Amino acid sequence: MSLLTVDQIQYNGGTALTLPTATPGAGDMLQTNGSGVLSWRDRLQKVTNAAGSVTYTTPANIQAGKSLGTAGGNTMGWYSAGGDPMKIGSHIGWRLADKADFNAIITTYDGNESASANQGVGTMNLKIPDSVNASDVSSYYMEAYNLSAQNGNWYLNVKPIDASNNTIVNGSQIAHLTQNLNNSGNYNYYTGATSHIKINNGASYTSMQNGSVNTQYGDFNRLQTQSSSMSFRDLNFQLQHYNAKYDFDGVVEANGFYSGNATNNFATSTVYQGRGDQGNFQMATNYAAGFQLEMGNGGSFKKGTVCLYYCLNDGA
Amino acid sequence: MSILVVNSLKNSTGSSPTLTWPTTDGTDGQVLQSSNNAGNLIFGGAQLEAGNGTNITFPASAADDRTFVTDANGALTATAAGTNPMNNEENQQGARLLDRYVISGSAGNVAAISLTVPTGYTNTDLNTIRTMKLVMRGMQTTSGSNYRPYITLLEQDGTNFFSGSGSNPNATWARFGTEGRNKNNANILVNTSSQASYLTRENVYRTSGSPDNEDFFSSTTTSSDQAYNAAACWNSVCYINCTTSPSVIAKTDYINQADQANYYNEQVYLGNMGQLASGNNTGRHPMGVKIQANNNRNWISGVVELYGVFKDGVVT
Chain A
1 MSLLTVDQIQ YNGGTALTLP TATPGAGDML QTNGSGVLSW RDRLQKVTNA AGSVTYTTPA
61 NIQAGKSLGT AGGNTMGWYS AGGDPMKIGS HIGWRLADKA DFNAIITTYD GNESASANQG
121 VGTMNLKIPD SVNASDVSSY YMEAYNLSAQ NGNWYLNVKP IDASNNTIVN GSQIAHLTQN
181 LNNSGNYNYY TGATSHIKIN NGASYTSMQN GSVNTQYGDF NRLQTQSSSM SFRDLNFQLQ
241 HYNAKYDFDG VVEANGFYSG NATNNFATST VYQGRGDQGN FQMATNYAAG FQLEMGNGGS
301 FKKGTVCLYY CLNDGA
Chain B
1 MSILVVNSLK NSTGSSPTLT WPTTDGTDGQ VLQSSNNAGN LIFGGAQLEA GNGTNITFPA
61 SAADDRTFVT DANGALTATA AGTNPMNNEE NQQGARLLDR YVISGSAGNV AAISLTVPTG
121 YTNTDLNTIR TMKLVMRGMQ TTSGSNYRPY ITLLEQDGTN FFSGSGSNPN ATWARFGTEG
181 RNKNNANILV NTSSQASYLT RENVYRTSGS PDNEDFFSST TTSSDQAYNA AACWNSVCYI
241 NCTTSPSVIA KTDYINQADQ ANYYNEQVYL GNMGQLASGN NTGRHPMGVK IQANNNRNWI
301 SGVVELYGVF KDGVVT
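Quick mapping for you: the protein sequence lines, in order, are chains A and B.
Under the working numbering, the residue at position 4 of the first sequence is numbered 4, and the numbers go up by one with no gaps.
Under the working numbering, the residue at position 134 of the second sequence is numbered 134, and the numbers go up by one with no gaps.
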């Protein structure tokens, strides 16, 4: 075997490279110090892109549980992987539980639009994910936008339900105090007890009046020439619910149009809670896992968006 | 070209290892490294270490779309990238921030603030935005008095959504809804307005005493006038129905000019299909909003945010 003993190797006209004198370990690589002195190294602290035009320097240390990323100046660093912006320590903010997103032609409430027109649903169940225990939910917030229905009058019933879609309310034991304001200058309040949370214009539970919805095209992308069969008389509401097991309570604000005149709009604020005159009774049988929205007075939802958010107890 | 044919190289220093040159080439990107401590050189893959010398070890296998997360010893594992905590288990999305403007400092003293849906989401399918919510907090204008805030619906490019011209110059139908205080003229119905949808029924209170034009986020000056003005900041939440014939429900609290009383009013605006802007008559709906005040007033402080609920499947 030929052996060339030499301290330096130099390409003709190039830089002289000094061979290392140390013994390499398995896998050791030759690296230069930039001054032509070669040495052995088992791992690199610098890597380049394929073109060799950018050099990245590895992080200064290891941070368990973090993912590799880039910092300024082509230096790599460790960063939190993913993370939950809704969480600070053990406190967890609102998360989306369920959503109904539909546009005139639905047969289900899970956000999927059906292919056939003139369909709708009379009830929608919005619930927490199956992986979440209702007992871990401290409160709910539900926001509904632009709910529309078929021709005629209707109102909205909201029923707290368990994970099996059964109502959890014992009889007609949800007490309401509804304050109503409307564009005719009237203001009034109403009290009553039902088995569900009522959303309407308050006094005497009169109905929301609604026009038709364009069931062929929906109301989000309809054409101007189709204006004869559409409605802008929508119902919006915001509901806050404290998820106590036996005596939940909450408040719901709603805007809509009341029957009698298509241009009459109203705003209500309703406080609901366990009835105070029933002694040691239990209004509910379990924690609510969600809510059923029911089209009061019959009929079907045709358009709208409903988002149900939930807030977990700390540590859940 | 000269070529030196040799099997081994060796530094002349006595203990230097004999380096045996590889007999085969490596693959693209491989580096020259030692296969053992006998100085046999081979081509192989490079490995990394942190600045403190701890090895960063890559896993033997990694599925697609994973991120590398390290343990305390620098051993990387390929883990699933964090899912969006804003989505539920059905990968549905709740309300998301579309646009935001903080009125303060150099971003203050502006006459109009336009917030629009980001263009990347809705170039071809407008109904990807189901609904929008405009939140305005701590809003105050420059010095002066007697002003009313109003909003204008926009196209995505910032132009007015309604034409405001034609046989009916009034682009929207405005109906005053409700307010928190019964006035003799509570039964008020404003038939139409051109583009502008006023958020308050009466003028907002603001003292013109010094100091004025205060940025209430950053000012450290104390005076009774400033305190009055800061307290008179108004807040509002507007729900914008993203249909071709949009409706707007505005819920606003403010201190009125006339008697410096706390007011809360809700107003409903119904879009006029016949007054869509030129070229905007086929299946379109508003994609933004502009916030202004009458009487040539500029905004001096406040925060405005536009949220949207996307149609399922549009964003992840």
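Calculated from the structure, these hints are not laboratory results.
Small disclaimer: the values here were computed from a predicted structure and weren't measured.
Take these hints with a grain of salt, some might be off.
Claimed, not checked - Residues from chain A shown here face chain B by an in silico Cβ test under 8 Å; the list is partial:
no., residue
1, L3
2, Q10
3, T15
4, T32
5, S35
6, V37
7, G65
8, A97
9, K99
10, K245
11, Y246
12, D247
13, D249
What the hints assert, rightly or not - Some, not all, of what chain B presents toward chain A, calculated at C-beta under 8 Å:
no., residue
14, S2
15, S12
16, N36
17, G44
18, D64
19, S114
20, A261
21, N262
22, E266
23, N295
24, N296
25, N298
Cβ atoms here follow ideal geometry from the backbone N, Cα and C, with glycine treated the same way.
What hint numbers does the structure not satisfy? 2, 3, 4, 5, 6, 10, 11, 12, 13, 18, 19, 20, 21, 23, 24, 25
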